[in-house]
Every structure is written in structure tokens, then in C-alpha cells.
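A.B. asks: Chains A and B supply the protein sequences, listed in that same order. Mind the numbering: the first sequence is residues 1 to 567 in our numbering, read in order. Mind the numbering: the second sequence is residues 1 to 567 in our numbering, read in order.
Keep in mind that the hints were calculated from the coordinates and are not lab data. Don't take every hint at face value.
The list treats identical chains as interchangeable, and a pair is accepted whether it falls inside one copy or across any two copies.
What the hints assert, rightly or not - DSS-like, lysine-lysine: derived pairs with alpha carbons at most 30 Å apart:
hint, residue 1, residue 2
1, Lys102, Lys189
2, Lys197, Lys415
3, Lys363, Lys189
4, Lys415, Lys189
5, Lys363, Lys102
6, Lys102, Lys415
7, Lys73, Lys415
8, Lys189, Lys73
9, Lys197, Lys363
10, Lys73, Lys197
11, Lys102, Lys73
12, Lys102, Lys197
There are 2 protein chains.
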Amino acid sequence: MSNEESVSVRGETGEARRVLVVGGVAGGASCAARLRRLDESAEVVVFDRGPYVSFANCGLPYYVGNVIADERKLLVASAETFRSRFNVSVHTETEVTALDRKARTLTVRDLRAHTVRQECYDALVLAPGAAPIRPPLPGVDLPGVFAVRSIPDSRRIRAWIAEREARTAVVIGGGFIGLEMVENLIHRKLSVTLLEKLTQVMPPLDPEMAVPVRQHLEDRGVDLHLGDGLARIAQGTGHSLIVVSEGGAELTADMVILAIGVRPETALASEAGLEIGPRGGIVVDDQMRTSDARIWAVGDAVEVRDVVTGQETVLPLAGPANRQGRVAAESIAGRATRFRGVQATAVVGVLGLTAASTGASEKGLRRAGITTFDKVYLHPGHHAGYYPGAQPIRLKLLFSVPDGRILGAQAVGRKGVEKRIDVIATAIQFGGTVHDLAEAELCYAPQFGAAKDPVNLAGMIAANALNGDMPLADWMQLGRTDALLVDVREPEEFAAGHIPRAMNVPLSQLRQRVGELPRDREIWLSCGVGQRAYYATRFLAQNGLRPRNLSGGYTTYQTLRAAGMVS
Amino acid sequence: MSNEESVSVRGETGEARRVLVVGGVAGGASCAARLRRLDESAEVVVFDRGPYVSFANCGLPYYVGNVIADERKLLVASAETFRSRFNVSVHTETEVTALDRKARTLTVRDLRAHTVRQECYDALVLAPGAAPIRPPLPGVDLPGVFAVRSIPDSRRIRAWIAEREARTAVVIGGGFIGLEMVENLIHRKLSVTLLEKLTQVMPPLDPEMAVPVRQHLEDRGVDLHLGDGLARIAQGTGHSLIVVSEGGAELTADMVILAIGVRPETALASEAGLEIGPRGGIVVDDQMRTSDARIWAVGDAVEVRDVVTGQETVLPLAGPANRQGRVAAESIAGRATRFRGVQATAVVGVLGLTAASTGASEKGLRRAGITTFDKVYLHPGHHAGYYPGAQPIRLKLLFSVPDGRILGAQAVGRKGVEKRIDVIATAIQFGGTVHDLAEAELCYAPQFGAAKDPVNLAGMIAANALNGDMPLADWMQLGRTDALLVDVREPEEFAAGHIPRAMNVPLSQLRQRVGELPRDREIWLSCGVGQRAYYATRFLAQNGLRPRNLSGGYTTYQTLRAAGMVS
Chain A
1 MSNEESVSVR
11 GETGEARRVL
21 VVGGVAGGAS
31 CAARLRRLDE
41 SAEVVVFDRG
51 PYVSFANCGL
61 PYYVGNVIAD
71 ERKLLVASAE
81 TFRSRFNVSV
91 HTETEVTALD
101 RKARTLTVRD
111 LRAHTVRQEC
121 YDALVLAPGA
131 APIRPPLPGV
141 DLPGVFAVRS
151 IPDSRRIRAW
161 IAEREARTAV
171 VIGGGFIGLE
181 MVENLIHRKL
191 SVTLLEKLTQ
201 VMPPLDPEMA
211 VPVRQHLEDR
221 GVDLHLGDGL
231 ARIAQGTGHS
241 LIVVSEGGAE
251 LTADMVILAI
261 GVRPETALAS
271 EAGLEIGPRG
281 GIVVDDQMRT
291 SDARIWAVGD
301 AVEVRDVVTG
311 QETVLPLAGP
321 ANRQGRVAAE
331 SIAGRATRFR
341 GVQATAVVGV
351 LGLTAASTGA
361 SEKGLRRAGI
371 TTFDKVYLHP
381 GHHAGYYPGA
391 QPIRLKLLFS
401 VPDGRILGAQ
411 AVGRKGVEKR
421 IDVIATAIQF
431 GGTVHDLAEA
441 ELCYAPQFGA
451 AKDPVNLAGM
461 IAANALNGDM
471 PLADWMQLGR
481 TDALLVDVRE
491 PEEFAAGHIP
501 RAMNVPLSQL
511 RQRVGELPRD
521 REIWLSCGVG
531 QRAYYATRFL
541 AQNGLRPRNL
551 SGGYTTYQTL
561 RAAGMVS
Chain B
1 MSNEESVSVR
11 GETGEARRVL
21 VVGGVAGGAS
31 CAARLRRLDE
41 SAEVVVFDRG
51 PYVSFANCGL
61 PYYVGNVIAD
71 ERKLLVASAE
81 TFRSRFNVSV
91 HTETEVTALD
101 RKARTLTVRD
111 LRAHTVRQEC
121 YDALVLAPGA
131 APIRPPLPGV
141 DLPGVFAVRS
151 IPDSRRIRAW
161 IAEREARTAV
171 VIGGGFIGLE
181 MVENLIHRKL
191 SVTLLEKLTQ
201 VMPPLDPEMA
211 VPVRQHLEDR
221 GVDLHLGDGL
231 ARIAQGTGHS
241 LIVVSEGGAE
251 LTADMVILAI
261 GVRPETALAS
271 EAGLEIGPRG
281 GIVVDDQMRT
291 SDARIWAVGD
301 AVEVRDVVTG
311 QETVLPLAGP
321 ANRQGRVAAE
331 SIAGRATRFR
341 GVQATAVVGV
351 LGLTAASTGA
361 SEKGLRRAGI
371 TTFDKVYLHP
381 GHHAGYYPGA
391 QPIRLKLLFS
401 VPDGRILGAQ
411 AVGRKGVEKR
421 IDVIATAIQF
431 GGTVHDLAEA
441 ELCYAPQFGA
451 AKDPVNLAGM
461 IAANALNGDM
471 PLADWMQLGR
481 TDALLVDVRE
491 PEEFAAGHIP
501 RAMNVPLSQL
511 RQRVGELPRD
521 REIWLSCGVG
531 QRAYYATRFL
541 AQNGLRPRNL
551 SGGYTTYQTL
561 RAAGMVS
């Protein structure tokens, strides 16, 4: 990436070195603390534009929601802690305005004293993060329009709610932050409208997997406007604001939250001529070194490699940022630690529902040009069904064909969701296959799981599809196929709702009625969640018929239909 | 294992085959159902001594506790389901009394009709399970003394509690079933005494990791008698029973539960001359085939390989039993699926506390003669500390030295315990190292985890120990070492309790006071949970001193002391 000689700073000189870190949250803070543990002699100085370093920015929505009532809880480590524990100097409310790579200096502005100074470095770490996107639309700077990036941001929102006695809010953007803000504003007793340009919430999920989240929001009274973007915001009567959508909707509210997404803060880097990638992030190698051998960059501002698709991506998540900070520190200290890339493991809790994912989504695979994959759906309980309180998990597993390598998983449910995604994330880390999931040995007692855990089931079902025991039908061809659709549930289940055009042959009668079924056409089988259709598939295949399985059955059909993907 | 020609039954003949399955729970039921899916033409017949097949025996304690109120919930699949869905014949209340391998027949007794018949087989699957151990001691057969293996067992216990208005119980044995029975009897408002021959509860855990479970039981009012075995049971006045311990304690109660453990049911196999292993289980190969090429065995009755220690073991758990049933079915059907062995992943919930483990324990490693390992302790919150409600997890990670391969993990806490064990279990499955755990990318939002998840922390701490950044002190040498013990917590923490002989040098003063510390002696550092001692270790090591870390700090010390392992 760099044509300069790639030397670690330690290698160069026996003298104490000066390491500057721009940005003191997550990646920057991790890097500074780790560096001290590796090198007691280096001078380590951290600059941050805001009043705090090392605060829990993932906690900000919950501070707005008053779930976290005490602001001090958000301060993971204070400037004083950095000084006393780590001998690291922290300069808050200090903005870095310029980087002179040749002179190896930063131009630094003290926002309180209004003074400017130069700071020299032997090694520099850029951890500027990413800024909430504020689209250049009329009204986005009106009072009452907020983003959620810093503790002062959250404090202002809290004050606005309290002082204006806000009753209604429009949240713009249905991703992680948007949904967490919806939850927390509802927790504050506000009525919330959600405006999202895409036709689904939770863009990291595939549309059909986002359906249960959408339905849950609707059930909890959120006024959803999907497939409609922000056009402008106008001042209404009194203190109210009017959000005007691209589709012409006028949504009046006491406050507006902008949660459209974030953009890497690369101004300092790009003005200094550091390489910026096609995704808009700072380009780094696997030791987090930029195109300048004395400059490292970490966190939300950099481009990293997605280990599943092999493509560069920008992924603003705290876990990877922390790991990157450690890797950069080790590189600066002369250790050759490698950042292994990201796999986009993420979770969000929304009003009692949990949605989590790891690896690639189906749309992500298609975007990356990967077509040699297949997928299964299942809807197991989060623990054994015989123990009271089992909650369904809707699970989608994507895997490579024919080798069965796990490519990604998405899960939605009330309980035990993130556990399954964490297990699958771990399997992905090791390049595991669906066969590995099938034989994973996981915790089982009736209140925690099942003898065949949902992860095992996902692996078994996918393995059945791969090895030909259970050929899969393509849900997207449902409206076009000339296959015979057969629903093997019992008549009363069938009567309560079924896939259009399907005929009903209950599994319990299948052995007697097999003669009714054609041998010259494909038979696409479905049931409630997929288990009985699988049994039927095995029976028909062994009798010389041509069955395929509609993975996940009628339950999957309902989400596909709600997502507008089948009719 | 067998000198006979190892042929699959399918390979031999084109005709329909007859497969008999002895035992219709877990492994046997899985095998029968799987076999039907693989081979529609085989005749599959299941025999079970009891009145039910495929019942949820892991749910029995909860049925006693009335947490599962409806007995029918325990019936995963009925004989009728097996017939209608799988075309599998099920004969309940039918005991198999003899096996003639030469004639390929079973002698079968119908326990209702009191008739005996012969049943011939082409392939035979033994899934007899394991029976609760009833030690040959006086009084174990008295009315009111129960084991918990079957639905009728549980029904009898329920009836006894209801009819005798039982108020007190003695549970003998503090393993999984014993503790689940304690929980459920307390749920039924009984006062419970627990008698356990070992000096710890939960034998799969190392003693210090079982301490929090013991303390939790004590806090919940359980009368614990550890290190004391059963001598005899006598009839007391009225309907009461008197449990007399080896130590001479006399424990009066309205009922007694025997939960000492289980023993593989191998009578049929051994009388027929099948090989029985040193652990008392039926010997099988990795396709679950016994020493007779036409006979397979699965479940609690067989010996399996522990993938961590490489040794044979008997592990009565439902998950592996189910997997074994599938493997046996595939072998019978001519597929060469391999059972990968077991890693002893297990979990138990006790009155709101969860204890889980995977892989080898420290004592298990020592038993197996493995000495090239080390271990770390940590006590992280189950989610980010800044979000309300974080509960500590006590975690012990065992790893191979010097390669860092994960050997085992144990965790105890109120929430998120089994999730971390499942993730580590998955890493063990792939032969993962502590470095892999350090860089695992897991779900993080404040209510679910942390930017550095407990699993990451465990890996990081172990990696620090392995690579020399944080040399470990040996807790077991605490009473003998001439090292200087230094506690780096703040004075008020130190004053509230500390390791004997430790001096107090707070981390915040360490850089100033380093001159007070000796350069010619080891310095063993501790703090509350290990983090500050690690920082101190790094500082002192870089200053030429000889620090070691007492892993897990004062929190670990307290459990070790409570376990009698340090003074």
C-alpha cells in the first residue's frame, strides 16, 4: 500500500518516541492503553474534539431513554484515569485541524483557550470515527433536529424532551441507531414515527428477515413509513416541526432524530494526501497502517476487508474498532499482529425483540457477485418446546455450494437469538461448514436449548439440502413454477391459511395417497416450518417422485409475502 | 474393533431389511426416525421396556417441580406418530431379555400380555440408556425413596408429594440431576437437604468453580452436607425416612431422591459377548458399530472418545445421544458418517444461577495425565457495565501450552453463561486457540455483551499469559512462595479484605512508588478481578522487575479459599 520503507517506529530509534492519537473513543482509546502496556517508554498523547474520551457511544440511545440515568456511567475511562493508570496524556476539547506528514506535525486547536499549536510525532494514529450523515436538505439544522453521536448530543435531546415536554418524534432512518432511538423514545412515552427510505427496516438484514422487526414495531404502535425518504423539515406552529417526505407525507412532531447513517471522518487524512478507498474510508493494511508508514488508522474511519465476501467495507462497530486499536498499538510497538478482517456480526434489541446477524446477507452476496450459494430457513424454539416459554427464532442460514462453507446467518426472535448468531459467527471465523454446525456440541438443558439446538438444526437442514436428501425449491419461482404445490399439514392447519394453488395431502396420509401425486412433475412441499415437508420429501424421493422443499414452510411464506417478494 | 467383515447391511442384499432398535428414547428414537428418512424400504421396529418412547427425560425434574404441569408435554413423539409419520413399529412395555448374535434374534417379553417371542434382525441397534445407580445399602428400596429416570418415576414422586403432603426431602448426589431436583423440590415448597460424597457440588466443574453454586444453594436455604456419603436409609416415625450418612449425620425427611449417578445398561450386550470397555460402556467404533458388525449401539450405554483428552469416556447427555443415533442410522444405510466424539458440553440451571462447561476440567486434564496446560480466571459482566443489570460471570479457561489450543472452559453466573460456553465449545470443535477467542467477532449491543466480550477477554488474558506479557503465578503456591504479594487496588478496597501477607500499592501510585518494590524477588500481583494487576504487571516488567499475575485477583482467591485450596 505504501512505497515507503515499512518500518515499525520502535525499530528505528532507541530513544523514547512520541505517539499521537487523534480521537479518544473506542479504537483510539484502546490503542493508547494497549500501547502503554507494550511500551512504557513511549510518550502517548490523545486528542479529542469532544469533552470526553473513552465513552460508551453505544450507550447513548439508552441515556436518551433514561434506561441509563446517570451520565457518568457512560464514561468508561476518564482523562484522569488515562493519566494515572496509563501515563497517557489526554487533551479533550482539542481539535486537530491539519496534518503535515513531511514535518511530522499536527496542528492542534484548543477549543477552550482558542489557541493553536503544533505537535510533533514519531508515530500517528488516526481514530476520528464517523459522523452522522446530515443530508443537505432544508431544515436539517432547525432546533429540535438531533443526531446521536456524543454525550452532549444526548444531553441536548434529554433537555429538549424535558423542557419542551415533547410528546411526538420522527426518527429518520431504520438502522441500528434509528431503531434503538425508537425504543428509547417510546420508553420516554413519546409517540414515534419512523421514516426509512428503503422498503425495509434494518438494512443489514435481508428484507424477509426484517419483516418480523417491522411487524413488531407496528404492534408496539410505531407509525412506520417505509420506502419514503426525507425531503425537508419545516418549522410548524409553536415549537413543532414538520417532516416532509419525498412521497409528500407531512409528519408533525415535537422533535426529529436523524439516524440516516454515518460517514467516515476522513478530512484530515485526505487533506494530508493519505489514500482514501472507494468506500470512502482511510485505506490501511492488515496492521492498520495507512499509505504513510508512520501513520496508522483505526475504527469507523477505515476500510477493512470483509472475510466472507473478500471485499473492502466500512463497518462502524465498536468491537472491530477496539481490535483494530490493539493491532495498531502492536504494530507501532514492533509486533506483527494482523487484523483478520470483519464479518459484520451485529445485534439490535427493539422493544423486546432481538435481531442479529453475522457474515454476509443474501443481498450482500449478490452485491459482491457471489452466486454459488444456497439458503435455508427455520423457525425453532429458543429452547425445548416441552419446557414452558419457548419463543420462536426465525433463522436464515446462507452457505456456499457445494462445499457447505457458512457464509452468513440472520436471526430474529425474543430470546436466545444472539447466542445462536455468536455460535455461527465463531464457526464462520474458523471457515466452518454446515456439517460442522450439525455436529456442534452445545449446552442443553430444557430452559437453555434443545438436544438438537437451533444451530444444529440449521446445519442439518442445510446439509440435507447440500447432499441431495432434500432438494430445495426456489421461493422466488413460486409464482412461475409448473411444479405441483403440496402442503403436508393437517386439514385444519391448511384451512387456516396456505400458499395459493397448494393442494393438501397431510403427511399422516401420504403413504396411502402417494398414488394421487404426479411422477412427471416436480412437487414442491411445504408445511408449517419445514419439518414435515422434509419427511415427505424423503418419502417421495425414495418412491421415485421429484420432490423439492419450500424451506421454512408457510411461516417463511408469510414473511416473504409481507416483504413483497412472493404473492 | 471387529474381526468380522465390516459390511453395511444395505450392501448385502437387495431385499427389504429388518432393523430392530432396543430402547426408544433419544438415541434410539433418533436412529429409527433417521433410518426411515434414509431407507423407505427397511422394516424398522423399536422396543422399549417403558410405556413411552421418545419422551423428554431431561424434563423429568421440571415435571416433578410442576414447572411442566402437563405430562403430555414430555412426549416428544408417540408410538402412533412413529407409525403414521415414519412407518416405524413401536412396541412399548416390551422388554428385550436376550440377544442371540448367531441366530440374529432377540428374545422379547411383552410385559402386558406376559408372552415371550423371538424377533429376528438384519441389523440391530442397542440404545438401552443408563440406569440410576442404586447403591446396595440398607433402605434404598423403602417407600419414599425415588430415582428420576422415567415418566412413571416422576409421576410417583408427584403423587408422594401430594398425598403425603411432603415438606422435606433429602437429595443424595449433587450433580446435574441432583441439583435440578433440588431446584424443583424447592419450587414445590419443600425444605431440601443435599448430601454429596465429594467436597463439592457439580463434579464436572473444578472445585473452586463449584463454590459459587454451593454458596448460591446455601443462600437459598438448602442444607448442604458435602464430603459425606450415604450409609443407609431407615424408616422413621410415621411416614418419615431417616437418611444416615457415612459421617453419622441423621437427616429426617418425608422423601429421598437418589441422584448418585447413572450406569450404562450393558447386561444384554455383555451377556451376548459384545465388547464392554474399561469405563463400563459398550465399545463402538466411530460409526457406532459394536464388536459385532451387525450391531450398533448409541447413547448413554456406549463409550465414546473425548476429543480434548483423547480418552474414552461415558457421557450420558441427550445431544450426543441424538447425534449418535443419526450416525448409526447412516452407517446402517451404507453412509460413512463419522461420530466426531464428545467434548462434554453441559449446563445446569439452579435457582436462578447457571453453571456450564465444555471440554476438559483441570482435574480431568490431570486425570488424563495432561500437564502442559495453563489457566486463567476472569469475572466480567455478562454485558456492558454501563448498562444497568450487568451480572458477573465467573469464567475459567484452560489452554494448552505453548500452542494456546483451548482445552476447556467453565462458567458460572446468572445470565449469559451458556452463551459464552457455547461459543468456546464451538472454538474447541475447530481446534481453536486462545488467540482465536481474542479476535472473535461477537454480537455487541449494551444489553447483550460488550465491545470486548467475556470470550474475547478470556482469549486476550490467556494470550497475554502465553506470550509472556503477563506471566502467571501459581495460586497453589500462594502459601509457600517467597514472592512479595502486592495488591494494587485502592486502600479502601484493600481494607475490606485481601490476601494474607499482601502489601498494598495502588495502581494509581505504582509509577511513583516503584522504588519501594524489590528487583531481586518475584512480585505476585493481584487486584479485584485481574485487570489492574495486569496493568501493573506490564509496568513492572518493562521496568526490569519480576512480576507475576494472580489470575482473577481477590475474587478468585475467595473461591479458592472457600474450596479449601488456599488458606
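A.B. asks: Tell me, which hint numbers fail for this structure?
C.D. replies: 1, 3, 5, 6, 10, 11, 12
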